[in-house]
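J.: Here's the letter readout for the chains.
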Amino acid sequence: MAEKLLEIRNVTKRFGGFHALTDVSLHVEKNERFGLIGPNGSGKTTLINCISGALRNEGGSILFAGTEIGAMPAYRRTRLGIARSFQIPKPFTSMTLLENLCIPLEYTAHAKSHGADVASEAMEILDQIGLADRADKLPADLTQIDMRKLELARAMAAKPQLLISDEAMAGLSANEVDGILEILFKLNEGGITIIMIEHIMRAVMSFSERIVVLDAGEKIAEGTPDEVVNNKEVERAYLGE
Amino acid sequence: MFSFELFINALVAGLLLGGFYAAFSLGLSLSFGLLDVVNIAHPAFIIFGSYLTFYVNENFGVDPILAGLLFAVPFYFLGVAVYRIYYNVFEKTGAESLRGLVFFFGIFFLIEVLLIITFGVDYRLVRAPYIGKTFHIGSLGVAWRLFVPFLVGTALTIGLYQFLSKTFFGKAVMGVAQDSLAVRLMGADPIRIKTIAFGIGIATATLAGSLLIIIGPVEPAIGREYIGRVFAITVLGGLGSMSGVFLAALIIGVAESFTASFIGPSWALAVSFGILLICLAVRPAGLFGR
Amino acid sequence: MKSKGHLLHIAVALAVVLVAFLITNSMENRYYYKASYVVLQYVVLATAWNILGGYTGYVNFGTAAFFAMGSYTAVALIKLWKPPLYVLLVAGGAVSGLLGLGIGYLTLRLRGVFFSIATLALAVVLQMFMTNWEFVGGGAGTAILKPRSVPFFSNYDEFLFFVMASLAVAAVFVAWLIENSWVGRGMAAIRDNEEAAECMGVPILKLKLFATTVSGAMMGIAGAPFSYFVVFIEPSSAFHLDYAVNSLAMPMVGGTTTWLGPLIGAVLVGTAQQIATVTLSAEMNLLIVGSLLVGFVVFAPEGLVGLFRKLRGRAMGRSA
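Heads up: the sequence lines are chains L, W and Z, in that order. Counted from 1, the first sequence has number 495 at position 234 by the working numbering; the numbering is strictly sequential. Counted from 1, the second sequence has number 482 at position 104 by the working numbering; the numbering is strictly sequential. Counted from 1, the third sequence has number 17 at position 8 by the working numbering; the numbering is strictly sequential.
Hints listed in this document are in silico derivations from the structure and should not be mistaken for laboratory results. Do not take every clue at face value.
When the alpha-carbon atoms are kept at most 27 Å apart in a straight line, the in silico BS3-like pairs for lysine-lysine are as follows [as the list claims (entries may be wrong)]:
1. L:Lys-373 - L:Lys-291
2. L:Lys-265 - L:Lys-447
3. Z:Lys-43 - Z:Lys-88
4. Z:Lys-43 - Z:Lys-155
5. Z:Lys-43 - Z:Lys-91
6. L:Lys-265 - L:Lys-291
7. L:Lys-351 - Z:Lys-319
8. W:Lys-470 - L:Lys-351
9. L:Lys-420 - L:Lys-351
10. L:Lys-398 - L:Lys-265
11. L:Lys-398 - W:Lys-470
12. L:Lys-351 - L:Lys-373
13. L:Lys-398 - Z:Lys-319
14. W:Lys-470 - W:Lys-549
15. W:Lys-470 - Z:Lys-155
16. Z:Lys-215 - L:Lys-351
17. L:Lys-373 - Z:Lys-88
18. L:Lys-420 - Z:Lys-215
Every beta carbon over 12 Å from chain L, so not counted as near; a handful from chain Z, in silico [claimed, not checked]:
19. Leu-17
20. Ser-35
21. Asn-38
22. Phe-162
23. Asp-166
24. Ser-175
25. Trp-191
26. Ala-205
27. Ala-206
28. Ile-213
29. Glu-243
30. Thr-266
31. Ala-291
32. Arg-323
Here a beta-carbon is modelled for each residue, glycine too, at the ideal position from N, C-alpha and C.
Produce the complete structure using the sequences and hints provided.
T.: Structure below.
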């Protein structure tokens with residue numbers, strides 16, 4: 262059996278009286294391509310916020326590479342190897358693309374030795390993702406697809422073991438979706454475990470080796486893409502009664 | 379030192395003061411709580427209103443409350459103009475948080491300086507038949523100059539509350555507060571709604587200004603004292619809740635009145651700021667949060 | 010190359026301090042020392058404000074509180090045992106730095122406008138405490154005797170001018186150091202997007218605490234010599250709203266993202282104020298500051314530094 266990189270046990274999160282997550286358990290194996298799906302408001306984003314540290318889970322535990330991270334501030338989780346992209350891109354608006362990438366490089370990959378030459382490394386990553394010619398541009402000058410690429414590139418610059426891609430393809434054309442998929446496949450081949458949250462079924466189904474479905478804050482199904490598609494509960498959650 | 383009579387007097391004075399504080403804070407609660415426009419210049423608009431009231435009262439003998447109502451109209455358009463600038467320069471470009479705040483801070487300061495240049499730094503007051511008189515209930519003396527603002531403040535609260543919860547436009551304002559998209563789907567233009575609502579918020583400032591100068595003499599820099607007080611009330615009341623503002627205003631009024639009576643007047647102001655700091659640190663959503 | 014840059018800047022800084030010293034030995038008119046002292050004090054305050062406001066994105070309306078706490082710490086020490094000025098500077102900086110640290114913890118819960126309102130509230134509460142603290146003069150204020158003589162300077166005002174000039178140089182230097190270090194880049198990330206910054210590994214709380222502490226300490230240090238400068242100190246002057254408005258307007262006029270912005274803003278606006286106070290009136294000078302603040306924030310959000318860059322960019326674009 263493969264090694265578990267991320268393990269979530271009975272995680273619960275409430276906002277006031279609203280139960281955003283109830284007793285959710287799942288795990289992600291090392292170097293796995295993992296899909297997380299569910300209707301709007303099912304708790305996907307809450308769950309990854311709990312993993313990345315933007316929110317604190319109330320019950321249960323979150324283990325990353327065997328370490329309990331539930332109480333850690335977000336930046337330390339990033340330094341342990343968890344990086345994420347945001348559903349609505351959140352670039353550093355006053356910085357060029359190159360400088361955007363220098364932040365995670367300086368603060369995560371080279372956190373011990375501030376001052377390493379991170380610019381050339383940032384350039385390499387921009388090159389990989391196809392933004393090298395826009396290195397000196399500001400995020401405001403980017404198109405929608407380039408903004409998504411920047412979001413991924415910045416997460417890559419944190420040199421993560423686990424990359425959480427939060428709806429990186431929403432609103433993109435079919436061609437552009439393929440472009441992002443290609444990047445994610447390549448990252449996975451390079452040894453990065455990936456959690457994909459996505460509404461575009463074609464993308465999640467072709468990308469994921471295993472999928473977990475959330476509905477109303479609870480896990481309702483888990484399995485290979487085929488198993489999930491044929492699951493009655495999933496059908497009901499998506500289509501209603 | 380402590381007597382029952384003093385206690386009752388302080389309590390009543392605090393409640394009356396609270397009714398006035400509500401009038402002072404409603405406009406801000408509307409713009410800050412419902413429209414997300416942090417108009418920290420609101421107290422300055424109120425002092426501006428006080429001086430206009432003073433001007434027509436001094437020169438033409440107009441009743442202060444009437445003056446406040448009359449000036450509400452031009453103030454509405456002033457508010458519309460200010461919001462237009464704010465929207466075009468800050469909100470549209472997403473720069474409202476930092477620069478928008480500084481913008482209103484600058485407006486606050488400018489109004490104060492213009493008032494000093496025009497009227498000087500002396501205290502000004504108004505004349506009206508009810509100012510200076512007191513009526514008695516048993517041994518309890520109630521000053522009309524406190525009672526009238528309390529009545530007007532209460533009426534203004536009820537009026538705004540009814541307006542927001544009962545009229546179509548009021549519901550649209552609440553809609554903007556919760557979700558602009560829903561309003562747009564209804565076919566209403568959220569920016570237009572926000573403009574009008576902001577105008578109404580500023581329009582309440584003249585009436586509040588009249589009440590302020592009825593309660594006591596006013597000088598240009600008095601607005602500073604009120605910044606903390608009105609934010610304390612707005613935050614404590616739960617942003618955007620008119621009934622919450624009224625309750626919070628009563629609480630602050632009573633707390634200040636007790637502090638002034640039993641500890642010393644110079645500590646009264648510290649109470650509202652203290653409450654504000656604690657409230658911000660512990661429960662930013664307010665006591666009566668939505 | 011990096012250390013060479015440092016050396017050059019240190020050399021420039023020392024040269025400015027030396028010039029300030031030479032001026033005190035050649036210029037007679039006391040008014041100029043007074044006026045320059047005020048301008049230099051604003052260089053420190055504007056630079057300090059900008060470390061938190063411009064670099065990190067947290068708007069502090071309570072400059073007066075930090076400044077006055079520095080002043081009143083000094084007043085309390087002077088009443089107790091008249092220590093030398095450097096002790097006052099250190100103590101004033103320490104007290105206001107601690108206050109800054111406390112405000113820093115508020116950023117855990119308060120962002121944007123809530124933080125700003127809290128700083129404003131803090132200023133009023135502290136002013137209340139000082140008004141009620143009789144030992145340092147209470148609301149009526151207290152007179153402070155300045156030391157009669159000081160070595161190397163012909164009078165104490167010249168010495169204070171020299172001290173403030175050195176503090177201004179030091180403040181600008183600290184801002185420059187921060188701006189060009191990993192700390193400054195992390196602050197910029199927080200200003201641009203706090204959530205994204207933390208997810209990219211930036212320890213946001215530590216950096217914010219650093220920013221509030223350094224900024225507060227610098228304001229406190231600027232306030233420490235204040236009572237010697239004005240000779241009579243009262244809460245309403247030490248906590249004056251002008252400090253909050255100026256320390257915010259000056260970086261806005263100059264430009265908030267670089268160390269140069271507050272420096273240019275403070276020198277220009279500060280000097281203009283000194284001239285306006287003499288030639289027009291104190292009220293007109295405030296009107297100018299207010300108009301400049303609103304004007305720049307509406308029409309030139311990047312300040313003079315930004316305007317200059319834009320012009321240069323256009324000129325270069327034309328020649329290319």
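J.: If a hint holds in the structure, say so; if it doesn't, say that too.
T.: Evaluation of the provided hints:
1. L:Lys-373 - L:Lys-291: At roughly 25 Å apart (the allowed maximum being 27 Å), Lys-291 (chain L) and Lys-373 (chain L) satisfy the hint.
2. L:Lys-265 - L:Lys-447: Holds, at about 21 Å.
3. Z:Lys-43 - Z:Lys-88: holds, 24 Å
4. Z:Lys-43 - Z:Lys-155: It holds: about 15 Å lies between the C-alpha atoms, which stays within 27 Å.
5. Z:Lys-43 - Z:Lys-91: holds, 23 Å
6. L:Lys-265 - L:Lys-291: Holds - the C-alpha atoms of Lys-291 (chain L) and Lys-265 (chain L) are around 6 Å apart, at most 27 Å.
7. L:Lys-351 - Z:Lys-319: holds, 26 Å
8. W:Lys-470 - L:Lys-351: holds, 18 Å
9. L:Lys-420 - L:Lys-351: It holds: about 18 Å lies between the C-alpha atoms, which stays within 27 Å.
10. L:Lys-398 - L:Lys-265: violated, 40 Å
11. L:Lys-398 - W:Lys-470: With a Cα-Cα distance of about 22 Å, the restraint between Lys-398 (chain L) and Lys-470 (chain W) holds, given a limit of 27 Å.
12. L:Lys-351 - L:Lys-373: holds, 25 Å
13. L:Lys-398 - Z:Lys-319: holds, 15 Å
14. W:Lys-470 - W:Lys-549: holds, 24 Å
15. W:Lys-470 - Z:Lys-155: It is violated: about 53 Å lies between the C-alpha atoms, which goes past 27 Å.
16. Z:Lys-215 - L:Lys-351: holds, 21 Å
17. L:Lys-373 - Z:Lys-88: Answer violated: Lys-373 (chain L) to Lys-88 (chain Z) is near 47 Å, above 27 Å.
18. L:Lys-420 - Z:Lys-215: holds, 22 Å
19. Leu-17: holds, 19 Å
20. Ser-35: It holds; Ser-35 (chain Z) is separated from chain L by about 43 Å at its closest Cβ, greater than 12 Å.
21. Asn-38: Consistent with the label, Asn-38 (chain Z) stays out of reach of chain L, its closest Cβ about 44 Å off (over 12 Å).
22. Phe-162: holds, 41 Å
23. Asp-166: The assertion about Asp-166 (chain Z) holds, with a minimum of 42 Å to chain L.
24. Ser-175: Holds: least Cβ distance 29 Å, greater than 12 Å.
25. Trp-191: Contrary to the label, Trp-191 (chain Z) does not stay out of reach of chain L, its closest Cβ about 4 Å off (not over 12 Å).
26. Ala-205: The assertion about Ala-205 (chain Z) is violated, with a minimum of 4 Å to chain L.
27. Ala-206: About 7 Å separates Ala-206 (chain Z) from the closest Cβ of chain L, which leaves it inside 12 Å; violated.
28. Ile-213: At about 7 Å from chain L, Ile-213 (chain Z) fails to clear the 12 Å cut-off, so the statement is violated.
29. Glu-243: Answer for Glu-243 (chain Z): holds, closest chain L Cβ roughly 41 Å.
30. Thr-266: The assertion about Thr-266 (chain Z) is violated, with a minimum of 7 Å to chain L.
31. Ala-291: Holds, because the least Cβ-Cβ distance between Ala-291 (chain Z) and chain L comes to about 37 Å, which exceeds 12 Å.
32. Arg-323: Fine: 17 Å to the nearest Cβ keeps Arg-323 (chain Z) off the interface.
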